[in-house]
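Asker: Mind docking chains R and H on chain X? Use the hints.
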Amino acid sequence: MRECLENVRKKQPLIHSITNYVTANDVANVLLACGASPIMADDVCEAEEITAGCAGLNLNLGTPNPRKAEAMKKAGKLSNQLGHIVLLDPVGAGASSFRKALSAELLKEIKFDAVRGNISEIRALALGSGVERGVDAASGEHITEENLSRMVDFVKQFSRKTGSVIAVTGEIDLVADGDVCYVIRNGRPEMSLVTGTGCQLSAIMTAFLAANPGRRLLAAAAAVCMYGVAGETAWRNLKNGEGTAAYRSRIIDAVSFMDGKSLEEGARYEIR
Amino acid sequence: MRECLENVRKKQPLIHSITNYVTANDVANVLLACGASPIMADDVCEAEEITAGCAGLNLNLGTPNPRKAEAMKKAGKLSNQLGHIVLLDPVGAGASSFRKALSAELLKEIKFDAVRGNISEIRALALGSGVERGVDAASGEHITEENLSRMVDFVKQFSRKTGSVIAVTGEIDLVADGDVCYVIRNGRPEMSLVTGTGCQLSAIMTAFLAANPGRRLLAAAAAVCMYGVAGETAWRNLKNGEGTAAYRSRIIDAVSFMDGKSLEEGARYEIR
Amino acid sequence: MRECLENVRKKQPLIHSITNYVTANDVANVLLACGASPIMADDVCEAEEITAGCAGLNLNLGTPNPRKAEAMKKAGKLSNQLGHIVLLDPVGAGASSFRKALSAELLKEIKFDAVRGNISEIRALALGSGVERGVDAASGEHITEENLSRMVDFVKQFSRKTGSVIAVTGEIDLVADGDVCYVIRNGRPEMSLVTGTGCQLSAIMTAFLAANPGRRLLAAAAAVCMYGVAGETAWRNLKNGEGTAAYRSRIIDAVSFMDGKSLEEGARYEIR
Numbered sequence: 001m002r003e004c005l006e007n008v009r010k011k012q013p014l015i016h017s018i019t020n021y022v023t024a025n026d027v028a029n030v031l032l033a034c035g036a037s038p039i040m041a042d043d044v045c046e047a048e049e050i051t052a053g054c055a056g057l058n059l060n061l062g063t064p065n066p067r068k069a070e071a072m073k074k075a076g077k078l079s080n081q082l083g084h085i086v087l088l089d090p091v092g093a094g095a096s097s098f099r100k101a102l103s104a105e106l107l108k109e110i111k112f113d114a115v116r117g118n119i120s121e122i123r124a125l126a127l128g129s130g131v132e133r134g135v136d137a138a139s140g141e142h143i144t145e146e147n148l149s150r151m152v153d154f155v156k157q158f159s160r161k162t163g164s165v166i167a168v169t170g171e172i173d174l175v176a177d178g179d180v181c182y183v184i185r186n187g188r189p190e191m192s193l194v195t196g197t198g199c200q201l202s203a204i205m206t207a208f209l210a211a212n213p214g215r216r217l218l219a220a221a222a223a224v225c226m227y228g229v230a231g232e233t234a235w236r237n238l239k240n241g242e243g244t245a246a247y248r249s250r251i252i253d254a255v256s257f258m259d260g261k262s263l264e265e266g267a268r269y270e271i272r
Numbered sequence: 273m274r275e276c277l278e279n280v281r282k283k284q285p286l287i288h289s290i291t292n293y294v295t296a297n298d299v300a301n302v303l304l305a306c307g308a309s310p311i312m313a314d315d316v317c318e319a320e321e322i323t324a325g326c327a328g329l330n331l332n333l334g335t336p337n338p339r340k341a342e343a344m345k346k347a348g349k350l351s352n353q354l355g356h357i358v359l360l361d362p363v364g365a366g367a368s369s370f371r372k373a374l375s376a377e378l379l380k381e382i383k384f385d386a387v388r389g390n391i392s393e394i395r396a397l398a399l400g401s402g403v404e405r406g407v408d409a410a411s412g413e414h415i416t417e418e419n420l421s422r423m424v425d426f427v428k429q430f431s432r433k434t435g436s437v438i439a440v441t442g443e444i445d446l447v448a449d450g451d452v453c454y455v456i457r458n459g460r461p462e463m464s465l466v467t468g469t470g471c472q473l474s475a476i477m478t479a480f481l482a483a484n485p486g487r488r489l490l491a492a493a494a495a496v497c498m499y500g501v502a503g504e505t506a507w508r509n510l511k512n513g514e515g516t517a518a519y520r521s522r523i524i525d526a527v528s529f530m531d532g533k534s535l536e537e538g539a540r541y542e543i544r
Numbered sequence: 545m546r547e548c549l550e551n552v553r554k555k556q557p558l559i560h561s562i563t564n565y566v567t568a569n570d571v572a573n574v575l576l577a578c579g580a581s582p583i584m585a586d587d588v589c590e591a592e593e594i595t596a597g598c599a600g601l602n603l604n605l606g607t608p609n610p611r612k613a614e615a616m617k618k619a620g621k622l623s624n625q626l627g628h629i630v631l632l633d634p635v636g637a638g639a640s641s642f643r644k645a646l647s648a649e650l651l652k653e654i655k656f657d658a659v660r661g662n663i664s665e666i667r668a669l670a671l672g673s674g675v676e677r678g679v680d681a682a683s684g685e686h687i688t689e690e691n692l693s694r695m696v697d698f699v700k701q702f703s704r705k706t707g708s709v710i711a712v713t714g715e716i717d718l719v720a721d722g723d724v725c726y727v728i729r730n731g732r733p734e735m736s737l738v739t740g741t742g743c744q745l746s747a748i749m750t751a752f753l754a755a756n757p758g759r760r761l762l763a764a765a766a767a768v769c770m771y772g773v774a775g776e777t778a779w780r781n782l783k784n785g786e787g788t789a790a791y792r793s794r795i796i797d798a799v800s801f802m803d804g805k806s807l808e809e810g811a812r813y814e815i816r
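Chains as they are written, first to last, in this note's numbering: chain X, 1 to 272; chain R, 273 to 544; chain H, 545 to 816.
Since the hints were made in silico from the structure, they are not lab data.
Fair warning: this is a prediction, and the values are worked out from it, not measured in the lab.
Heads up, a few of these hints could be off.
Said to hold, decoys possible - Here are the in silico distance ranges between beta carbons for each label pair: (1) GLY83(X) to GLU275(R): 54 to 62 Å; (2) LYS346(R) to LYS655(H): 36 to 44 Å; (3) ASN80(X) to ARG694(H): 41 to 49 Å; (4) ALA101(X) to GLU689(H): 51 to 59 Å; (5) ARG759(H) to GLU171(X): 57 to 65 Å; (6) LYS533(R) to ARG236(X): 26 to 34 Å.
What the hints assert, rightly or not - Chain X is faced by these chain R residues, among others (derived, beta-carbon under 8 Å): (7) TYR293; (8) LEU304; (9) SER421; (10) GLY486; (11) LEU490.
Backbone N, C-alpha and C define an ideal beta-carbon position, used for all residues, glycine too.
Looking at chain X on its own, in the form it has when it is part of the complex (with noise of 0.2 Å):
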């Protein structure tokens, strides 16, 4: 995992995230902290373009309009067609009818190289490309030590329907191919009382998928590990009269000073 995060400091990949306006600021300050470069762009009189020039895009589905679905779609393809690293972070993705037609139309006329949501989010994608083994075992809100094998399952199930590296987070993280899952125990519950840490963490994924080609499945697992260890750093690091807003920063700052040897060493994961 080291040197995962060591190739994103050295080759700082350009990184084009077509993403929902409540958390740009912060996904384009997490890009610069991990050392890729942010670049964003949403709409089609030049999203292909822009995504031309990077080397990943990350989809995310906050605050969707059909203007960026468009520009979404274009430039998903043309990444497929360069070979660039694309990822999708459906957020939402059951909270609506549009969300869901929209990443349901988006798997299936792009390839995506990770997905990364929480369980209801990669659940609700399940369901519409007709993944059923393992489909119950995420009706619960939550992984736990009980369902985990069955998460699994699910997980590397949904994973070989796709050809996507699949991100499950929440307490417990999962990352899995169609054959191997990392089951990562880092982070703090207190990261959900920040908003757009989900969306922070699909930006970091497909910059370390960008600078790690052929090794899709550690970069990613990397990438979880290391915002779970930013996590748990800015938790230490808060002070008195330090709340939520705090937090938000200190996980930034803790990113920015992430080096290799601290991930390797904070990183807490079995592999099933």
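Answerer: What follows is chains R and H alone, placed relative to chain X:
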């Protein structure tokens, strides 16, 4: 007021904000900080469906355009049908004809549980809606001890006209229905040096109303007191070398660890 | 320079930014921090009317689309008619054909008081507008002591071509009209690890020009020095455990308590 805050933390109402992109991140984070959950969708392709799944709807007129205006109208009407809480924040209502016309249309077509703005915004709305008595009083930029009783009268009158709880915030805050007005003296003048403190308060107020059905006036007043107390706590927590950006964070921090007792002890208001 | 800052704090000019959603919050907050007032509107439904009520207009090309482009053109032309300050920040001018064409059109149809960008953005503009001499010098990524005199020449030449004050910011900053160039050595390289520092400076510069009529060059140079000094102060104020997100806040903090004396003492420039 204590119970109003505790209800937000207990019920964690999901609040849909159709809002401007300048302060959307702070709005989402402050909702999390007070115990509510944020969601944002601003396009007609999904605004109604998202609203249907929420407890409250917060309509904010910043950075408007015709597409967002349509989403606001549809989401607002549906909220009325479903009996959900709806709040209007007429940001810059007097600054353009478009905002003036849009806020008038919204007031006509939607029944708002509450309206929150500064005095010039509320005055622009009142003029548009035919309120006569007291509008002159509101022609100054501030609510002062000198014009207080006429202002209280004006705000009550506008509440009777609209059927909404009216909250006018500034150095002195007024929160009134047709009969009763809370005159609130919490907060710090430095809060106006942070962009979006008004937007944040409107979101919090929507959450307070959603979590406290049947007590609209008390819930709205509690939200104003709570945010004002947070501004005072944040000011005391500032360290050497910290300025307006640190203050912005520390206000949200103070909201995140506010409890019912601190609110009860810190609230400074009289009822007229 | 001292007086330039003091005029902003005294006159509190209202600045309209048509800008990207990635850094809009920081732009609004830094305008408040330096003593100005922000307002944002990006749709033709109101952009002209909002502009008419402001002292300055800041056009920023980040996350562009055809609707925002139209608003920029109309607002820019009206500002020219009204004799208001107009500034162009050609974010990513070389990154897409749309931005290249839009910035060329804006330069043709609107008379800008100032243009601020990094060297590759300014070079993209200059190539588009037929400047020949010195463009080669600007083909490197940086302004260095070695290419400095040719760069100064290039920037003056582009200023003569456009009639605008030209500000090129990077490790060394150049602020020039056709005859005189400020060579400024304030700031910290770490400022480039925070997204939107360029956007913030453009907004500040618009405020400085609006508050100091008749002294465009001095006001623009004072804005660059002030923001650079803020970056230095913020760096010194960083505590253990703080990284790039804290730095982002501390820069705006430093702007918020900057006074004329600190600016005068901290500014490091020569005139060529």
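Asker: Now, for every hint given, state plainly whether the structure supports it.
Answerer: Against the structure, the hints come out as follows:
1. In this structure the hint that GLY83(X) and GLU275(R) lie 54 to 62 Å apart at CB holds, the actual value being about 59 Å.
2. As the Cβ distance of LYS346(R) to LYS655(H) is approximately 42 Å, the hint placing it in 36 to 44 Å holds.
3. Between ASN80(X) and ARG694(H) the C-beta distance comes to about 43 Å, which sits within the given range of 41 to 49 Å.
4. Between ALA101(X) and GLU689(H) the Cβ separation comes to about 57 Å, which falls inside the hinted range of 51 to 59 Å.
5. Against the hinted window of 57 to 65 Å, the Cβ-Cβ separation of ARG759(H) and GLU171(X) comes to about 59 Å, which satisfies the hint.
6. Roughly 28 Å separates the CB atoms of LYS533(R) and ARG236(X), a value that falls within the hinted 26 to 34 Å.
7. Evaluation of the TYR293(R) hint against chain X yields a held restraint, the C-beta minimum of about 4 Å falling below 8 Å.
8. Annotation: LEU304(R) was flagged as interfacial toward chain X, and the flag holds, the nearest CB pair being 5 Å apart, inside 8 Å.
9. Taken as an interface hint, SER421(R) does not check out: its beta carbon lies about 38 Å from the nearest beta carbon of chain X, beyond 8 Å.
10. Look at GLY486(R): its Cβ only gets to about 28 Å from chain X, farther than 8 Å, so that hint breaks.
11. With 8 Å as the threshold, the beta carbon of LEU490(R) stays out of range of chain X, its nearest partner Cβ sitting at about 25 Å, so the hint is violated.
Comparing the model with each earlier hint shows violations of hints 9, 10, 11; every other hint is respected.
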